[in-house]
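A.B. asks: These are the residues of each chain, in order.
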Amino acid sequence: MRIHRLLILFIVMGLTVFSFLQGEEKLKKISLEEVLSIGSLESDILYMWAGITTGPQGHIYVTDAMDYSVKKFNEKGVLVKKVGRKGKGPKEFLAPRSIKYFQGQLYVTDQYIPGIKIFDKNLNYIRHIPLKFPIWDLKIASEEKIFISSPIMSQPEQLILIDSQGKMNKQMKQTSEVEEYWENFLKFEIDVQGNLYVIYTFRDRIRKYNRTMNQIWAKSLFGHREVKRKKLNSSKVAAPELPTQTAYKDIALDSQGHLFILGGHLCEHPGRDVYVLDQKGNHLTSFLLPESSHCLHIDHHDFLYSRGEEGTSIKKISMKYIYGQ
Amino acid sequence: MDSDGNMKRRLLIQRRVLGVIFMEVFLLIAYAFGVPCKNPPFFQRALEEKKSILIILEPEIFFCPLCLEPVIHFVKKLRVHGRDCLVTGVFIWRKEGREKSQKSLKIIEKKIKGFVEGNEIRFPVILDKYHVFDGLNIETPVIILLDRSQNEIHKYTLPLSQKQRGEIFGLK
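Same order as they appear, the protein sequences are chains X and C. Going by the numbering used here, the letters in the first sequence line up with residues 90 to 414, in that order. Going by the numbering used here, the letters in the second sequence line up with residues 385 to 556, in that order.
Quick caveat, the hints were computed from the structure, so don't treat them as lab data. Everything numeric in this text was worked out from a predicted model, so none of it was measured. All the pointers check out, no bait thrown in.
Part of the chain X face toward chain C, derived, beta carbon under 8 Å: (1) L130; (2) Q200; (3) E399.
Reference listing, derived: stretches of chain X covered by chain C, where coverage requires no fewer than 3 residues with Cβ under 8 Å from a Cβ of chain C: (4) 143-156; (5) 174-187.
A virtual CB, placed ideally from N, CA and C, is assigned to each residue, including glycine.
So here's chain X without its partners, still in its complex pose:
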C-alpha cells in the first residue's frame, strides 16, 4: 500500500513539475497551412468581401461590398445563402462592412447607413438598431452590451457602449490625447476577462485597458513612426492633412489570449505581416500571410481567415503553434 501511495505521489509531483515547465514555454513560431479557399477567379460567389465572422458550427459569414450582400458559407466553403442588394431598406446595403456573430445572430454594419442590422444565423432579417453615427468597429459582449468605435468628429470619446435598442449607456474616453478626428479610427478586441485591446488605424499605438478603462500598457511596434499624410487640395490656408497610409489594419485574439495584429504600411510587407503579442504586450513572434489582407479573423478553433486574390476569395488557414523556452 505504501509503495502505491508513493507511486501516486510521485506521478502527481511529476505532472505538476511538467505542467509548470510547460507553462514556462513561450510561443516561438506559428506555421501556417491553408485548409480551405472560398471563391476563385472563375466563380461568382465572392466579388470583394469586407467583413468576416464565423458561427460555432463552422459556418462562415461575409459581407460583400461589390454586390451589397451578406453571404453564408458552410464549413466546406459552399455558398448556402445570400441576402441583400443595393438600397436603404431592411435587407439592403450601400457599403456593407463589419459583421459579427453572437449567439445565433449576425450584427452587420454599413459605412453609409448608421446603425446595425441584425439577421439570424440563416440570414433572415430580424431588426435594426438605430444609431446616429457610422461605425468603424464593433464587438458584442452580450445582447445588451455592444461596444462600438466611431470616427465621428463631434464625439471624441472613442468607445461607445450601447444596449440592444441603440441607447447609449456609456461613452468611454480612453485618452485625452485625441487631437485629430482620424485618430478615432480604431479597432479593438475584448478578452474573456473583459480587458480591452485597442489598435489605431492611423497611428503606431497599441493599448490595453482593464474593464474599468484604466490603461494597463501601451506599445508601439514601429518606434512611434508616423504614417504618410497628404494635404487636402484647398484654397484655405489651414487645409487639413489626412493620412494616406495605415499603421495597423486589424486585431484578433485566439483562444489562448494571444493577440494578433495585422500591420499596415509601416511594416515591411503591408497587409501581410502579423505580429503576435502576449497579454502583457510582449512580442512573441511574427508571421507572413500568403497574400495581403485588409482584415484578420480567428474562429473558436483557432483557424485564421484572411483575404485572397484582392478580396475575391477567403483563405482559411490552420495555425500550428511551436513553443520553446
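Based on the hints, put chain C in the right spot on chain X.
C.D. replies: Quick look at chain C alone, frame taken from chain X:
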C-alpha cells in the same frame, strides 16, 4: 381508321412544329427589341439621333463608395430617361503600376462583373485591357458624349451641372 389516325398524328406534329417555330420567331423579336433596350421607342429614337455615351472609370473607384455614388446616380438617370442603351462603360486599366499578370486581369474583370451585377447595370461595361485610354488623365469619372449628328464630342466630369444634364439626357 388507320388513315384517320395517321392524319390526326400528322396534324398534331405539324401543330407542334409550327408552335416551336412561332415561339422561336417570338423569342428572336423579343431579343431584338427587348434585350438591348427595355424601351423600343427610345432605342429607335436614339438610333435616329446618332448619339452615344461613354462612361470612363478607374477601377480604384471600387474602394471609394462615395466616389461611386455620382456614377450610380448618373446610371439611374440614364435608365429613367431610357438612355442606357446608348451607353458603354469603360474601365481604364493602366499599364504602369500594375502587376502585369493574367491573375490581376482576372481579378479586375471579376470585380467589374460584381459591380455590374450589384448595381443592376444593363449596358455593356468593358475593361480597357490593351491600355487604349492610358493617356487619359482622369481624377473623377468622365462622361464622353459622341454626337455624330453634330459632328461633336463632349467631355463631362461627374457630378453634372444642370446644363450638362440637359445636354446629355435631353440629347438636344
